[in-house]
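Heads up: the sequence lines are chains A and B, in that order.
In terms of the numbering used here, the first sequence opens at residue 1 and continues consecutively.
In terms of the numbering used here, the second sequence opens at residue 1 and continues consecutively.
Among these hints, one or two may not hold up.
[Stated by the list, open to error] Straight-line alpha carbon distances no greater than 30 Å define the calculated DSS-like cross-link-like pairs of lysine-lysine that follow:
#  : chain 1 : residue 1 : chain 2 : residue 2
1  : A       : Lys38     : B       : Lys9
2  : B       : Lys57     : B       : Lys9
3  : A       : Lys38     : A       : Lys3
4  : B       : Lys57     : A       : Lys38
5  : A       : Lys70     : A       : Lys38
6  : B       : Lys57     : A       : Lys70
7  : A       : Lys38     : A       : Lys114
8  : A       : Lys3      : B       : Lys57
9  : A       : Lys3      : A       : Lys70
10 : A       : Lys38     : A       : Lys16
11 : A       : Lys16     : A       : Lys114
It is worth saying that the hints were derived from the structure and are not from the lab.
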Amino acid sequence: AQKVTQAQTEISVVEKEDVTLDCVYETRDTTYYLFWYKQPPSGELVFLIRRNSFDEQNEISGRYSWNFQKSTSSFNFTITASQVVDSAVYFCALIVYNQGGKLIFGQGTELSVKP
Amino acid sequence: DSGVTQTPKHLITATGQRVTLRCSPRSGDLSVYWYQQSLDQGLQFLIQYYNGEERAKGNILERFSAQQFPDLHSELNLSSLELGDSALYFCASSADRGPYNEQFFGPGTRLTVL
């Protein structure tokens with residue numbers, strides 16, 4: 001069975017601090033995709049990144065960076081110099097290759113960035 | 001704005017009733033997905049349709065059903081509603097039927113069952 005675990009339920013930081021959101025996944029499949037989505041207070045889900053299981057290169061997009069490590073089954077997300085607008089719930093998710101588009105979500109991490 | 005539209009935005013109804021949630025995918029997207037978000041269950045995949053055909057199924061209750069029409073819009077029907085069905089229901093769409101493309105989510109329909 002596949003599973004995504006986000007052990008951090010809530011994180012609170014002060015603006016400009018760096019913060020890392022942890023994500024650990026479980027699957028026996030060798031082909032899979034990992035995702036991060038952001039859910040701001042307005043409620044919609046916003047796509048941030050997709051990674052396939054064969055690409056372990058880290059990725060950076062502005063203040064956002066992602067660290068994918070197959071050896072530890074982790075796909076962590078770091079926000080550098082956090083801002084108040086980063087306050088949201090962040091979800092890590094997994095799709096296994098042969099199960100269509102079924103996204104398996106973690107429980108989410110609520111990030112609060114205080115001024 | 002993701003380009004995925006959902007109506008209605010809010011729905012309040014009573015136990016035992018039936019409701020229909022509607023979703024229009026992004027232009028050109030052939031896959032439509034339905035997800036339920038509740039406090040106790042989190043975000044759960046319900047069902048996927050690809051170009052009118054059911055493609056994948058999650059833990060969707062028998063009281064729930066969905067379909068995708070020839071114009072690619074989709075409807076999720078919830079019947080014999082219970083208090084526990086109160087949740088935020090998201091529709092998402094993607095270009096393809098597999099994991100190759102990211103899913104873009106609509107704003108959701110908040111269902112309250114009283």
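Task: Broken hints, by number - done: When the structure is compared with the hints, none of them turns out to be violated.
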